[in-house]
Amino acid sequence: MSASWADVADSEKAASRAKPAYVPPHLRNRQSEPVAHLPQNDRGGYGGQPSRWAPGGGVGGGGGYRNDVGRPGQGYGGRGSGGWNNRGGGWDREVNPFGDDADLEPAVLENTGINFDAYEDIPVETSGGDVPPPVNTFADIDLGEALNLNIRRCKYVRPTPVQRNAIPILLAERDLMACAQTGSGKTAAFCFPIISGIMRDQHLQRPRGSRTVYPLAVILSPTRELASQIHDEAKKFAYQTGVKVVVAYGGTPINQQLRELERGVDILVATPGRLNDLLERARVSMQMIKFLALDEADRMLDMGFEPQIRKIVEQMDMPPRGMRQTMLFSATFPSEIQRLAADFLSNYIFLAVGRVGSSTDLIAQRVEYVHEADKKSHLMDLLHAQRETQDKQSLTLVFVETKRSADALENWLCMNEFPATSIHGDRTQQEREVALRSFKTGRTPILVATDVAARGLDIPHVAHVVNFDLPNDIDDYVHRIGRTGRAGKSGIATAFFNEKNAQLARQLAELMQEANQEVPEWLTRYASRASFGGGKKRGGGRFGGRDFRREGSFGSGGGRGNDYYGGGGYGGGGYSGAPSGGGYGGAPSGGYGGGVTSAWD
DNA sequence: AAACTCA
27 MSASWADVAD
37 SEKAASRAKP
47 AYVPPHLRNR
57 QSEPVAHLPQ
67 NDRGGYGGQP
77 SRWAPGGGVG
87 GGGGYRNDVG
97 RPGQGYGGRG
107 SGGWNNRGGG
117 WDREVNPFGD
127 DADLEPAVLE
137 NTGINFDAYE
147 DIPVETSGGD
157 VPPPVNTFAD
167 IDLGEALNLN
177 IRRCKYVRPT
187 PVQRNAIPIL
197 LAERDLMACA
207 QTGSGKTAAF
217 CFPIISGIMR
227 DQHLQRPRGS
237 RTVYPLAVIL
247 SPTRELASQI
257 HDEAKKFAYQ
267 TGVKVVVAYG
277 GTPINQQLRE
287 LERGVDILVA
297 TPGRLNDLLE
307 RARVSMQMIK
317 FLALDEADRM
327 LDMGFEPQIR
337 KIVEQMDMPP
347 RGMRQTMLFS
357 ATFPSEIQRL
367 AADFLSNYIF
377 LAVGRVGSST
387 DLIAQRVEYV
397 HEADKKSHLM
407 DLLHAQRETQ
417 DKQSLTLVFV
427 ETKRSADALE
437 NWLCMNEFPA
447 TSIHGDRTQQ
457 EREVALRSFK
467 TGRTPILVAT
477 DVAARGLDIP
487 HVAHVVNFDL
497 PNDIDDYVHR
507 IGRTGRAGKS
517 GIATAFFNEK
527 NAQLARQLAE
537 LMQEANQEVP
547 EWLTRYASRA
557 SFGGGKKRGG
567 GRFGGRDFRR
577 EGSFGSGGGR
587 GNDYYGGGGY
597 GGGGYSGAPS
607 GGGYGGAPSG
617 GYGGGVTSAW
627 D
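Heads up, the numbering used here is the position in the first sequence plus 26, with the first residue counted as 1.
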């Protein structure tokens with residue numbers, strides 16, 4: 027679809043700019059990027075509808091949102107066929123997030139090019155009492171007709187392992203701590219049950235008479251771009267269900283977000299800072315929250331974020347645990363953070379699809395010893411080699427440690443005629459979004475990034491992740507390389523290792539070994555040398571994740587909550603490995619999801 | 001170290 031970097035270079039030359047002149051970062055990306063345009067509909071015509079969704083009646087007489095009026099067949103319960111067929115119906119101006127009328131004939135759904143078996147042998151471990159059994163198909167789940175149609179529209183044919191297991195648990199109204207590998211479909215795993223649950227509760231009355239709005243669900247994300255991505259996905263899943271999804275994050279004027287909120291909100295996707303702002307202004311209340319989801323939950327509960335999350339969850343008007351349903355999702359979940367997380371959960375089920383913190387073996391991992399001073403030229407070698415061999419569409423994501431070095435490396439690459447851009451927290455939100463878009467479309471097929479881009483972002487065609495600077499934490503490494511090898515596709519990850527990373531050596535070597543990667547001999551030597559004390563326990567066994575409640579040392583906390591043992595102890599859980607019929611392992615034909623888009627993290 | 005409101 028979009029240009030490769032070779033094309034870009036060519037076209038820039040062809041564009042008679044004499045030579046690809048160096049453009050300073052603050053002037054780059056100015057031209058062709060359309061600034062987020064307004065949706066074709068501004069929903070201005072809602073005015074007179076009585077509002078079910080805006081408790082305050084909205085501003086100016088209730089800019090309410092209800093699109094189920096006059097659609098008896100729509101909605102929950104599978105009666106009739108409504109939903110897709112009422113477009114153009116005058117008052118219903120919900121944007122079609124699918125853009126066009128995709129053909130829903132089965133033939134289209136027979137996907138090609140997907141790695142069907144990629145996730146079939148992954149072990150699943152659950153613990154906690156009375157774990158609902160997994161399902162094999164979306165049809166086995168009672169999500170409601172409108173949501174099922176959207177799932178088909180997304181071309182999801184079969185649920186992924188985390189979806190098969192998590193969705194029944196969440197539909198059973200249980201709290202959940204879920205660990206599943208990067209790119210395995212976590213977003214949909216928590217969005218489907220939330221949307222379905224809200225459809226059931228559509229009659230719920232919310233307070234009215236003020237400018238405060240009362241969402242029924244809140245989904246928190248550590249970065250703005252991830253919040254935006256979740257919002258986009260959730261809107262697809264919620265299309266014509268009558269469930270309204272709104273996003274709120276910083277770096278952008280709050281007024282537009284306030285107006286969106288006033289039109290009604292069921293699911294609020296947000297970053298913590300902006301949500302706290304909205305709560306303090308009393309423009310949002312959490313009194314009616316039924317669902318709380320933390321994406322990248324271990325990050326949300328680490329040192330930098332935990333106070334903000336605690337404030338939102340414990341010090342505002344959020345119903346206490348047990349009175350809401352809480353779901354935590356991540357690919358990594360160190361046990362010390364699990365311990366913290368237990369504060370927010372009630373009688374929860376722990377679910378691990380694959381080992382907690384493991385990487386997928388779809389990613390070919392390489393580690394190269396590179397002195398600090400040689401990194402740039404080494405990167406250039408990699409990029410040159412890649413230009414020869416890689417698919418034209420393929421993108422390269424380069425991680426560095428600091429915002430400054432991201433700028434510096436971007437500059438250096440551009441000066442050397444590599445089409446690069448960058449994303450980090452010192453750039454304006456607009457610059458960040460332009461950079462990400464420019465990368466995604468292939469206009470700038472090299473993106474230099476800090477950890478702002480490490481988690482959750484679903485960027486198709488990332489063929490190569492380069493850890494120019496390795497992170498200090500192995501879990502960050504797992505998330506970074508997880509930007510490739512998604513949805514059953516393969517990818518490459520290259521890390522530059524030197525003396526500064528000695529502390530990471532042992533964990534890195536272990537991780538690579540677990541993922542069946544070749545560990546260079548010199549790294550093994552480093553690993554044994556640097557094995558003193560450091561590092562987190564990565565567990566040992568072949569199987570399953572690690573529920574910290576099972577680690578044997580839970581006595582340490584003493585009276586820390588009485589729900590550690592779940593309702594029925596651990597009896598209900600257990601490992602369901604590939605060969606046994608219990609889990610999804612027994613499914614005959616494997617595979618799911620064709621043309622799988624971006625509901626995958 | 002970086003991420004997370006606004007002013």
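It should be emphasised that the hints constitute simulated quantities derived from the structure, not laboratory data.
A hint or two may mislead.
[As the list claims (entries may be wrong)] As a list, the in silico DSSO-like pairs of lysine-lysine whose alpha-carbon atoms are at most 30 Å apart:
| # | residue 1 | residue 2 |
| --- | --- | --- |
| 1 | 316 | 181 |
| 2 | 316 | 337 |
| 3 | 402 | 515 |
| 4 | 466 | 418 |
| 5 | 181 | 515 |
| 6 | 418 | 515 |
| 7 | 316 | 402 |
| 8 | 402 | 429 |
| 9 | 526 | 181 |
| 10 | 466 | 402 |
| 11 | 401 | 337 |
Starting from the hint list further up, note which numbers the structure goes against and sort them upward.
-> Violated hints: 7, 9, 11; rest satisfied.
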